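Participant: If you want the building blocks of each chain, they are given just below.
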Amino acid sequence: MPVRPTAALPPLLAVALAAATLTACGGGSGSDPDTLKVSFKQSTDNSVKVMDTYLADIKKQFEKANPGKKVEFVPIKAPDSEYYTKLQQMLRSPKTAPDLVYEDTFLINSDITSGYLKPLDPYLAKWPDWDQFIDTAKAAAKGEDGKTYGVPDGTDTRGLWFDKGIFAKAGLPADWQPKTWDDVLDAARTIKKKVPGVTPLNVYTGKPAGEAATMQGFEMLLYGTNDGSSDPLYDKGSKKWIAGSQGFKDALAFVETVYKEKLGPDVSDALDPNFGTRVRGELLPEGKLGIDLDGSWLPQDWLEGSGHEWPEWSRKLGLAAMPTQHGQAPGKVSMSGGWTWAIPAKAGNPDLAFEFVKTMQTKANAKKWYIANSGIAVREDVAADPAYVDAQPGIKFFTDLVASTHYRPAYPAYPKVSTAIQEAMEGVTTGDASVEEAAKAYDEELESATDGQVIEK
Amino acid sequence: MSTATDPGLEKRPGPAAAPPRRAARPRRVPLLRVLPLTPAVVLLLLFLAGPIAYCAYIAFTDLQLTGQAEDSFVGFENFTTAFGDDAFLNAVWLTLVFTVISALVGQNTLGLALAALMQRASKPVRTLVGGIVITAWVLPEVVAGFLLYAFFRREGTLNAVLDWLHLPTQNWLFTLPILAVSFANVWRGTAFSMLVYSAALNEIPKEITEAAEVDGAGGWRRLWHITLPMIRRSIGTNLMLITLQTLSVFGLIWVMTRGGPGGRSQTLPLFMYEEAFQKSMIGYGTAVALLLLVVGSLFSVVYLRLLRTEV
Numbered sequence: 001m002p003v004r005p006t007a008a009l010p011p012l013l014a015v016a017l018a019a020a021t022l023t024a025c026g027g028g029s030g031s032d033p034d035t036l037k038v039s040f041k042q043s044t045d046n047s048v049k050v051m052d053t054y055l056a057d058i059k060k061q062f063e064k065a066n067p068g069k070k071v072e073f074v075p076i077k078a079p080d081s082e083y084y085t086k087l088q089q090m091l092r093s094p095k096t097a098p099d100l101v102y103e104d105t106f107l108i109n110s111d112i113t114s115g116y117l118k119p120l121d122p123y124l125a126k127w128p129d130w131d132q133f134i135d136t137a138k139a140a141a142k143g144e145d146g147k148t149y150g151v152p153d154g155t156d157t158r159g160l161w162f163d164k165g166i167f168a169k170a171g172l173p174a175d176w177q178p179k180t181w182d183d184v185l186d187a188a189r190t191i192k193k194k195v196p197g198v199t200p201l202n203v204y205t206g207k208p209a210g211e212a213a214t215m216q217g218f219e220m221l222l223y224g225t226n227d228g229s230s231d232p233l234y235d236k237g238s239k240k241w242i243a244g245s246q247g248f249k250d251a252l253a254f255v256e257t258v259y260k261e262k263l264g265p266d267v268s269d270a271l272d273p274n275f276g277t278r279v280r281g282e283l284l285p286e287g288k289l290g291i292d293l294d295g296s297w298l299p300q301d302w303l304e305g306s307g308h309e310w311p312e313w314s315r316k317l318g319l320a321a322m323p324t325q326h327g328q329a330p331g332k333v334s335m336s337g338g339w340t341w342a343i344p345a346k347a348g349n350p351d352l353a354f355e356f357v358k359t360m361q362t363k364a365n366a367k368k369w370y371i372a373n374s375g376i377a378v379r380e381d382v383a384a385d386p387a388y389v390d391a392q393p394g395i396k397f398f399t400d401l402v403a404s405t406h407y408r409p410a411y412p413a414y415p416k417v418s419t420a421i422q423e424a425m426e427g428v429t430t431g432d433a434s435v436e437e438a439a440k441a442y443d444e445e446l447e448s449a450t451d452g453q454v455i456e457k
Numbered sequence: 001m002s003t004a005t006d007p008g009l010e011k012r013p014g015p016a017a018a019p020p021r022r023a024a025r026p027r028r029v030p031l032l033r034v035l036p037l038t039p040a041v042v043l044l045l046l047f048l049a050g051p052i053a054y055c056a057y058i059a060f061t062d063l064q065l066t067g068q069a070e071d072s073f074v075g076f077e078n079f080t081t082a083f084g085d086d087a088f089l090n091a092v093w094l095t096l097v098f099t100v101i102s103a104l105v106g107q108n109t110l111g112l113a114l115a116a117l118m119q120r121a122s123k124p125v126r127t128l129v130g131g132i133v134i135t136a137w138v139l140p141e142v143v144a145g146f147l148l149y150a151f152f153r154r155e156g157t158l159n160a161v162l163d164w165l166h167l168p169t170q171n172w173l174f175t176l177p178i179l180a181v182s183f184a185n186v187w188r189g190t191a192f193s194m195l196v197y198s199a200a201l202n203e204i205p206k207e208i209t210e211a212a213e214v215d216g217a218g219g220w221r222r223l224w225h226i227t228l229p230m231i232r233r234s235i236g237t238n239l240m241l242i243t244l245q246t247l248s249v250f251g252l253i254w255v256m257t258r259g260g261p262g263g264r265s266q267t268l269p270l271f272m273y274e275e276a277f278q279k280s281m282i283g284y285g286t287a288v289a290l291l292l293l294v295v296g297s298l299f300s301v302v303y304l305r306l307l308r309t310e311v
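Protein sequence lines correspond, in order, to chains A and B. Position one of the first sequence corresponds to residue 1 (this note's numbering), numbered consecutively onward. Position one of the second sequence corresponds to residue 1 (this note's numbering), numbered consecutively onward.
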């Protein structure tokens, strides 16, 4: 090789850099009045096609009912946190903003504050089906200005999944229903003692798990600590975030106990970014996990056509509500989130987009969707429909939890608060920090994340 | 790629290589000769200088990705925040550790060693080793990340081998994350240094080495007194390029550890990503990016200085 590559490298590098910048900027296109662009989150698991199949069906119906109009999907294949980022970048410019987007209630308030979304009230006023939506779900997509910015397509609840086989070996009842946190920990201790080789209890934790750690893990504990009448994270009256609460420390102490007593997964597994996928794909189906604090959507991964079918799950797994700390009223805790369809402020075809929402939300299509994705109905007519209730084991259990569920204070600072919670959890999980230290670090982080909008409680 | 054949860049970099261009030539350059360059210059300004200038501007604002109706100019606030932020200082330290271990020590010396060994190796060996090393280089960063994640994880290949040898195993990504990702970067990036040094070693005239050999210089002396001085410039260029590459490594670490556990492998690019895109603070993230740029230029200045010293 007689050529000296070193001399040619700087200019080559410059060209490559320029090329990379160029391609990164491309892709924008003006809007076509006859083409409806719909963005949604595509599963990162190639074998899970629930959303794709459902939308393809709606597209067919929509194009048939609206001759001359075309639906073009702009799927974003990414894990949750990267999906939001990509979407927000698209929403910034009219060139890239799709006509309809799938928004997590987690971030919808942030995006409303940024002016990315269009209020839907004029459309909703003329849409009779809107009355079928339950009030809490309607509120999930409401901005601080009182306007509604999204149509929810379902919600979710959370609880304890447990392996009946492992419970039998440990001598625990098949109709297990813990009354307090201690009951949960005691069951895990029993499993640890009597059934070696399995993970007794999984509580998602740490930054790698992201929002799963905050919501399935920490908040399921935290919202069970007070008397159930006020939000333990955010004080609505003073519009301030709550620091220094005993409930916060108690919830951290629970997490610490799980990992210190080795009741949970090995810490290095729990902090593996891919752990959630392993819980659903390996640990539960292979009978290696005793109790899993997790969401209502798990069966989605085990449905026929999902790639790793596991129809026996309903015989092998039991369900229990997550109890409050000392069993105080209302006795159980659940958190809810869910997704909504929203129209970007910079969308080219908002009217057409709402027509598409209406097609998705006919009673028949809504029911089809809830059943397909193991979602929890937010329409009263569907929730009462026996075809929905009987579609899948567990649906009734999780739909009943809606009565004792909580929504997150999903205000603009929430993502930062959530990261601070994950850091606190990670500290006690690895043993790097004591509960006191982690709680103190959280309070400091909260102060800066919310620009000092903090109240001691 | 006409830029690669620019005569100014093809000049041999000998000590007397300063081109005698500055011969008094006060004639005006005809407009027609500049014209063909205009599109390239405009494109460069638009797509290279433009975004950089925009980034520099954003770094002085409190722009957020979401959750904010309007952004405002905040001066140096982002920078002062960074220097008061333990996580930032931790990231700076880890970035230096990562760069020194994986680029300066790992890639650089391993690349030189491989290149030197391959000079003497037989053709099949050369092809085989070169092929393997270059495969690691050609693999996309994310794929390489997953491969090494599979290698280092608790049930991974490395532990399987250690177990077979009856040596203690551990979760490397958890106990020694920064070393694991550094090793991964060495594994992936050595090919580049190897190619640079292979080319440089080929340039050394055989007669000089042979003459030294006749004079009785052993292997180490030949390396120290002949080889290294003669490839000095390549060493400088290589160090500069791999340092800049390594400073900006993101995908590899993201896939293997996400900067964890507890921020123990969170280098500056990961810290920047978290601030900008996960916490939505684009302004702050961009300020950190600018600081990363400063770190890169500091390294470059040091190398350029080293290059200038004559032997």
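Among these hints, one or two may not hold up.
Claimed, not checked - Chain B regions said to be covered by chain A (calculated; three or more residues, Cβ under 8 angstroms): (1) 257-264; (2) 271-280; (3) 294-308.
As the list claims (entries may be wrong) - Some residues of chain B that are not near chain A, with every Cβ distance over 10 angstroms (derived): (4) T80; (5) T127; (6) A136; (7) A160; (8) V161; (9) D163; (10) L173; (11) I178; (12) A211; (13) V214; (14) L228; (15) P229; (16) M230; (17) L291.
To be verified - Below 20 angstroms or equal to it, Euclidean Cα-Cα: the simulated DMTMM-like pairs (lysine to aspartate or glutamate) are: (18) A/K118 - B/E70; (19) A/K262 - B/E77; (20) A/K77 - B/E141; (21) A/K169 - A/D52; (22) A/K95 - A/E72; (23) A/K416 - B/E70; (24) A/K239 - A/D145; (25) A/K49 - A/D104; (26) A/K164 - A/D183; (27) A/K288 - B/E213; (28) A/K416 - B/D62; (29) A/K416 - B/E155; (30) A/K138 - B/D71; (31) A/K440 - B/D85; (32) A/K416 - B/D85; (33) A/K440 - B/D62; (34) A/K77 - A/D52; (35) A/K70 - A/E82; (36) A/K368 - A/D351; (37) A/K240 - A/E144; (38) A/K416 - B/E141; (39) A/K457 - A/D250; (40) A/K240 - A/D451.
For the record, the hints were derived by calculation from the structure and aren't laboratory data. Every value quoted in this text rests on a predicted model; they were computed, and no experiment measured them. The C-beta atom is built at its ideal place from N, Cα and C for all residues, glycine as well.
Participant: Give a verdict on every hint.
Facilitator: How the hints compare with the structure:
no. : hint            : in the structure
1   : 257-264         : holds (count 6)
2   : 271-280         : holds (count 5)
3   : 294-308         : violated (count 0)
4   : T80             : 13 angstroms, holds
5   : T127            : 13 angstroms, holds
6   : A136            : 18 angstroms, holds
7   : A160            : 16 angstroms, holds
8   : V161            : 18 angstroms, holds
9   : D163            : 16 angstroms, holds
10  : L173            : 7 angstroms, violated
11  : I178            : 15 angstroms, holds
12  : A211            : 22 angstroms, holds
13  : V214            : 26 angstroms, holds
14  : L228            : 16 angstroms, holds
15  : P229            : 16 angstroms, holds
16  : M230            : 13 angstroms, holds
17  : L291            : 19 angstroms, holds
18  : A/K118 - B/E70  : 17 angstroms, holds
19  : A/K262 - B/E77  : 43 angstroms, violated
20  : A/K77 - B/E141  : 18 angstroms, holds
21  : A/K169 - A/D52  : 41 angstroms, violated
22  : A/K95 - A/E72   : 15 angstroms, holds
23  : A/K416 - B/E70  : 19 angstroms, holds
24  : A/K239 - A/D145 : 14 angstroms, holds
25  : A/K49 - A/D104  : 19 angstroms, holds
26  : A/K164 - A/D183 : 17 angstroms, holds
27  : A/K288 - B/E213 : 66 angstroms, violated
28  : A/K416 - B/D62  : 15 angstroms, holds
29  : A/K416 - B/E155 : 33 angstroms, violated
30  : A/K138 - B/D71  : 30 angstroms, violated
31  : A/K440 - B/D85  : 16 angstroms, holds
32  : A/K416 - B/D85  : 15 angstroms, holds
33  : A/K440 - B/D62  : 26 angstroms, violated
34  : A/K77 - A/D52   : 11 angstroms, holds
35  : A/K70 - A/E82   : 28 angstroms, violated
36  : A/K368 - A/D351 : 24 angstroms, violated
37  : A/K240 - A/E144 : 14 angstroms, holds
38  : A/K416 - B/E141 : 29 angstroms, violated
39  : A/K457 - A/D250 : 14 angstroms, holds
40  : A/K240 - A/D451 : 10 angstroms, holds
Hint check: violations occur at hints 3, 10, 19, 21, 27, 29, 30, 33, 35, 36, 38; the rest are consistent with the structure.
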